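Novice: The lines below spell out each chain.
2 protein chains.
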Amino acid sequence: MKSFHSIDGSIVAPRGFLAAGLFCDVKRLGTGKGSDKGQKRDLAVIVSEVPAKAAGMFTTNQICAAPVKLCVEHIADGNAQAVVINSGNANACTGPRGLKDAHEMAALLADELLLQPTDVLVGSTGRIGLPMPMPNIRTGIREIVKELDDDPSAAHHAAEAIMTSDTRAKEIAVEFKLGGQTVRIGGIGKGAGMIQPGMSPTGARPASAPLHATMLAYLTTDAKVDARTLRTCLREAVASSFNCITIDGDMSTNDTVLILANGLAGNKKLSASDLKIFQAALNHVCLELAKMMVRDGEGITRMVTVRVKGAKTQKDADDAARAVGNSALVKTSWHGGDPNWGRIIDALGYSPAKVVEEKVDIAYSAAGAKALIHSLKKGRPTKATFNTLCKAVAPAEFDLHINLNLGKGQATLYAADLTEEYVDFNKGDITNPASLGG
Amino acid sequence: MKSFHSIDGSIVAPRGFLAAGLFCDVKRLGTGKGSDKGQKRDLAVIVSEVPAKAAGMFTTNQICAAPVKLCVEHIADGNAQAVVINSGNANACTGPRGLKDAHEMAALLADELLLQPTDVLVGSTGRIGLPMPMPNIRTGIREIVKELDDDPSAAHHAAEAIMTSDTRAKEIAVEFKLGGQTVRIGGIGKGAGMIQPGMSPTGARPASAPLHATMLAYLTTDAKVDARTLRTCLREAVASSFNCITIDGDMSTNDTVLILANGLAGNKKLSASDLKIFQAALNHVCLELAKMMVRDGEGITRMVTVRVKGAKTQKDADDAARAVGNSALVKTSWHGGDPNWGRIIDALGYSPAKVVEEKVDIAYSAAGAKALIHSLKKGRPTKATFNTLCKAVAPAEFDLHINLNLGKGQATLYAADLTEEYVDFNKGDITNPASLGG
Numbered sequence: 001m002k003s004f005h006s007i008d009g010s011i012v013a014p015r016g017f018l019a020a021g022l023f024c025d026v027k028r029l030g031t032g033k034g035s036d037k038g039q040k041r042d043l044a045v046i047v048s049e050v051p052a053k054a055a056g057m058f059t060t061n062q063i064c065a066a067p068v069k070l071c072v073e074h075i076a077d078g079n080a081q082a083v084v085i086n087s088g089n090a091n092a093c094t095g096p097r098g099l100k101d102a103h104e105m106a107a108l109l110a111d112e113l114l115l116q117p118t119d120v121l122v123g124s125t126g127r128i129g130l131p132m133p134m135p136n137i138r139t140g141i142r143e144i145v146k147e148l149d150d151d152p153s154a155a156h157h158a159a160e161a162i163m164t165s166d167t168r169a170k171e172i173a174v175e176f177k178l179g180g181q182t183v184r185i186g187g188i189g190k191g192a193g194m195i196q197p198g199m200s201p202t203g204a205r206p207a208s209a210p211l212h213a214t215m216l217a218y219l220t221t222d223a224k225v226d227a228r229t230l231r232t233c234l235r236e237a238v239a240s241s242f243n244c245i246t247i248d249g250d251m252s253t254n255d256t257v258l259i260l261a262n263g264l265a266g267n268k269k270l271s272a273s274d275l276k277i278f279q280a281a282l283n284h285v286c287l288e289l290a291k292m293m294v295r296d297g298e299g300i301t302r303m304v305t306v307r308v309k310g311a312k313t314q315k316d317a318d319d320a321a322r323a324v325g326n327s328a329l330v331k332t333s334w335h336g337g338d339p340n341w342g343r344i345i346d347a348l349g350y351s352p353a354k355v356v357e358e359k360v361d362i363a364y365s366a367a368g369a370k371a372l373i374h375s376l377k378k379g380r381p382t383k384a385t386f387n388t389l390c391k392a393v394a395p396a397e398f399d400l401h402i403n404l405n406l407g408k409g410q411a412t413l414y415a416a417d418l419t420e421e422y423v424d425f426n427k428g429d430i431t432n433p434a435s436l437g438g
Numbered sequence: 439m440k441s442f443h444s445i446d447g448s449i450v451a452p453r454g455f456l457a458a459g460l461f462c463d464v465k466r467l468g469t470g471k472g473s474d475k476g477q478k479r480d481l482a483v484i485v486s487e488v489p490a491k492a493a494g495m496f497t498t499n500q501i502c503a504a505p506v507k508l509c510v511e512h513i514a515d516g517n518a519q520a521v522v523i524n525s526g527n528a529n530a531c532t533g534p535r536g537l538k539d540a541h542e543m544a545a546l547l548a549d550e551l552l553l554q555p556t557d558v559l560v561g562s563t564g565r566i567g568l569p570m571p572m573p574n575i576r577t578g579i580r581e582i583v584k585e586l587d588d589d590p591s592a593a594h595h596a597a598e599a600i601m602t603s604d605t606r607a608k609e610i611a612v613e614f615k616l617g618g619q620t621v622r623i624g625g626i627g628k629g630a631g632m633i634q635p636g637m638s639p640t641g642a643r644p645a646s647a648p649l650h651a652t653m654l655a656y657l658t659t660d661a662k663v664d665a666r667t668l669r670t671c672l673r674e675a676v677a678s679s680f681n682c683i684t685i686d687g688d689m690s691t692n693d694t695v696l697i698l699a700n701g702l703a704g705n706k707k708l709s710a711s712d713l714k715i716f717q718a719a720l721n722h723v724c725l726e727l728a729k730m731m732v733r734d735g736e737g738i739t740r741m742v743t744v745r746v747k748g749a750k751t752q753k754d755a756d757d758a759a760r761a762v763g764n765s766a767l768v769k770t771s772w773h774g775g776d777p778n779w780g781r782i783i784d785a786l787g788y789s790p791a792k793v794v795e796e797k798v799d800i801a802y803s804a805a806g807a808k809a810l811i812h813s814l815k816k817g818r819p820t821k822a823t824f825n826t827l828c829k830a831v832a833p834a835e836f837d838l839h840i841n842l843n844l845g846k847g848q849a850t851l852y853a854a855d856l857t858e859e860y861v862d863f864n865k866g867d868i869t870n871p872a873s874l875g876g
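Sequence lines, in order, name chains A and B.
When we follow our numbering, the leftmost residue of the first sequence carries the number 1, and every step to the right adds one.
When we follow our numbering, the leftmost residue of the second sequence carries the number 439, and every step to the right adds one.
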């Protein structure tokens, strides 16, 4: 039984958090005056009214954006109180100037909020390689602090401001009890393209890291949690959520998940059972945000949960799921509603995972359901008719179950189809450079 | 200076080879009578009039089609005299029956040609998981042997018969001198989709194998070459041609390259310098066929030769090239004519290859040309204008040069853009199952 329930307000649902989002014309390098002139918001701020513990997970891409480098540095002490995020420019591959710009963003917000710059974190998403339009950002930061509010509409504005190719804002909050106290976790996120995150706490690539958008997620909680516990909990939550999604198999230079925990719920030090409840709630928030990203992926029409079990090792399970979830041919067959198990087993066969044809089971179920319709058992087609299998893969969301029958390795990957719209969107229009994607 | 020149006739250009291609209705499981009724040909035979030495390279996909298993077995002794190939059905994941069917195909042709079944090789390409329509195949093999001919039109019919989603037949032949004797090498091939071959001589995956259509290529030569030398030469030629192409990053269950060498040129045992000439000619034949496959890849509008140098290791160079050449975002930008170096460096950064942002050079040139237009030097954008870079990536074929400046590893990958047409073709039409792709 779930020990938490959903509430409104996303990142301002926990006590003591304020947010804002406005338009400062990051992308067009124009003459934005920091006010929302009916244009898409592109600057967000999240702030805790009191000092907070903080943890983060960052892209393991070797090409890593300036704001990510800043966050790794500023979060090392486990403390942070505010985040400033822009969309429209990734501030990636921008050299020493980019790093200086990221630090200026932190310093400007710190100055406005009377914080230490090292207690401010920065996030950016958009096209790679362009200098940050700092005049616009400076004006924007001066303006946005006047709009900070704990009203859900303020959180919604922040969620809108971090969107790039997203078609809708991604927000969630839950409430639960920890030792008698009411605790809340809220979050906002953005995804859409360049999505196959593989994040670690320092951005360093562990030997075992999945090599695989910009996805950004910002979490707030009023739970009282020490920094080390917060880091452990975030790492676990990200491992089974954001690090398990793929839209196009491209890992971004900017992937970032941050959590601020300001302790205003006033709970006692977490007991082992409290910790389980907190972890479960955090896992839920992260997984729901992650799934929102897949559902709103660029041009996608279907989300497919690839559930691999029976792999020889855990790594094999992950490799097998990613080979299937990133195969152009599998993804296009999903788009066509074609239950083409041949392409699935082909992808399994070229994955690094150990696969034995005569042992492979492939089945479908409704999303999250247990009743399976097998297309393949022990490598041989079942008697399920083409029409039956077509019905199984027709819904906008369904589960694909793969049992390699070789061991105990399991993995779940939230994947998407590949559509003409994805191609059309990402090929862009070179006659209108401002329209080109990240 | 090239020591060879192009001639007509492809696989029948070398002395003593016959070919044929006809329609026997493999795909529709219909009532084909083995005659070409104006339908697309789908059965091909290539035969040497005298016993020949033979070598092959086969998919390293762990899920490996029945005809591949048969070839590995029949070619082990270095001898073969004929090949029978069908399109429309891959005979993959067809269990013991599929293997029996492949063996029956070899036995039927052997029977007609008075050969040993073990001297007959088999190839199949098409949808995975469907039983072979053996009645049609049996009639087809009986009919096709009557049409065997050494006229170039017969070779062209064979080249047509192995096509699936290919829009045109792929044929080549060259002639050169070996120790005073005129020697010829001819070849036909097919590609189009599920193309990122990684072949080895036994289909076993070497530790260092690239983990990455059905592509089929059949080569003939009248050179006198012993089986071991032939195998070594083929392996080297495939390593720098077919194993260096990617259309969609999906490695097939059926990839196969075969060569038959019947010795009718009457050359002496190859000297070291002869061997170089033979290898150069074979490399040329394989590379030209491989490039024809990329140019005719499903829906593609651009072929991009990704040339990586300065990688820390050879494997790093290959990994870097494949990360770029298989990135959905890089491929869609190529389709759009967008010189988006941000997506390229992003892909390099998440590849397993060691990459240091401050060292990366990215440049373009006309296909095969030396004059480079840099978009990035040492990780920083050059002064090349957006329009200049757009012009560089506008041609249907261009080269992308990446220098990681970390070592001596080099790799070349022939890659393609990703288009709406690719998606539309491969999503298929489930209301017409016979139209669905492999």
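The set of hints was computed from the structure by calculation and includes no laboratory data.
Being a predicted model, the structure only gives us computed values, none of them experimental.
For every residue, glycine included, the Cβ atom is placed at its ideal position computed from N, Cα and C.
Hints are not guaranteed to be accurate.
[Unchecked claim] Covered by chain A, according to a simulated footprint, are these stretches of chain B (three or more residues, beta-carbon under 8 Å): (1) 526-538; (2) 847-858.
[Unchecked claim] Covered stretches of chain A, as calculated for chain B (at least 3 residues, CB under 8 Å): (3) 92-98; (4) 187-193; (5) 335-341; (6) 344-357.
Novice: Are 3 or more residues of the segment 92-98 of chain A near chain B, judged by a Cβ distance of less than 8 Å?
Specialist: holds (count 3)
Novice: Can you confirm whether chain A covers the segment 526-538 of chain B, using C-beta to C-beta distances below 8 Å and requiring at least three such residues?
Specialist: holds (count 4)
Novice: Under 8 Å between beta-carbons, do enough residues of the segment 335-341 of chain A, three at least, approach chain B for the coverage claim to hold?
Specialist: holds (count 6)
Novice: Tell me whether the statement that chain B covers the segment 344-357 of chain A is true, taking a Cβ distance below 8 Å and needing three residues at minimum.
Specialist: Satisfied; 12 residues make the cut.
Novice: So is the segment 847-858 of chain B in contact with chain A by the C-beta rule, three or more residues under 8 Å, or is the coverage claim wrong?
Specialist: With 3 residues closer than 8 Å to chain A, the segment 847-858 of chain B meets the three-residue bar; holds.
Novice: Examine the segment 187-193 of chain A for residues whose CB is less than 8 Å from any CB of chain B, and state whether their number is three or more.
Specialist: violated (count 1)
Checked against the numbered hints above, the structure breaks only hint 4 and satisfies the rest.
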